[in-house]
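Participant: Generate the whole structure from the sequences, applying the supplied hints.
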Amino acid sequence: SSPSKLKISQSQTLNSPSKRTKDADSVIQNSRTSLSELQRKIQKLQAHLNEKVQHESNLVKENESLKVEIGRLNKVLKASKNTNMQENPFADKNQSVGEQQNLSVNDVKLKLKEELMRSQ
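In terms of the UniProt record's numbering, the numbers along the sequence shown are unbroken and rise by one, the last being 120.
To be clear, the hints were calculated from the coordinates, so they are not data collected in a lab. Careful, some of the hints might be misleading.
Computed list of lysine-lysine pairs in DSSO-like fashion (alpha-carbon distance at most 30 Å, straight line) [what the hints assert, rightly or not]: (1) LYS111 x LYS78; (2) LYS41 x LYS22; (3) LYS19 x LYS44; (4) LYS41 x LYS78; (5) LYS41 x LYS52.
Cβ-Cβ distance ranges computed for the label pairs, FRET-style [as the list claims (entries may be wrong)]: (6) GLY71 x LEU38: 46 to 54 Å; (7) GLU37 x ASN58: 25 to 33 Å; (8) GLN39 x LEU77: 51 to 59 Å; (9) LYS41 x ASN74: 45 to 53 Å.
Backbone N, C-alpha and C fix where the C-beta goes; we use that ideal spot for every residue, glycine too.
Facilitator: What follows is the structure in structure tokens.
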């Protein structure tokens with residue numbers, strides 16, 4: 001066969017309808033595969049994002065409840081300090097509650113000693 005006939009037959013083979021259809025079908029199938037892979041990745045990312053959002057929401061709720069608890073404890077502490085100050089007017093406001101209570105105990109001991117001395 002001559003070189004010119006060979007070129008024509010190769011050209012016809014490349015441009016034949018069945019070859020183009022197979023190429024197009026292959027491209028379409030690859031696109032579908034890529035699309036389904038992308039959809040799976042998107043679903044995974046959405047699930048991950050939903051987990052993160054839920055975690056963030058839980059942290060916000062926990063933070064709010066901690067703020068409420070801190071507020072409650074501060075009120076208790078303030079009330080406790082006020083009570084200790086009323087019980088012991090000599091207590092130093094800079095002392096801890098424990099130190100103030102010790103001072104109160106020492107004051108009571110001192111007064112008891114004074115009472116004891118006077119009664120003898």
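Participant: Take the hints in turn and mark each one as holding or not.
Facilitator: Verification of the hints:
no., hint, verdict
1, LYS111 x LYS78, "holds (28 Å)"
2, LYS41 x LYS22, "holds (28 Å)"
3, LYS19 x LYS44, "violated (38 Å)"
4, LYS41 x LYS78, "violated (55 Å)"
5, LYS41 x LYS52, "holds (16 Å)"
6, GLY71 x LEU38: 46 to 54 Å, "holds (49 Å)"
7, GLU37 x ASN58: 25 to 33 Å, "holds (32 Å)"
8, GLN39 x LEU77: 51 to 59 Å, "holds (56 Å)"
9, LYS41 x ASN74: 45 to 53 Å, "holds (49 Å)"
Hint check: violations occur at hints 3 and 4; the rest are consistent with the structure.
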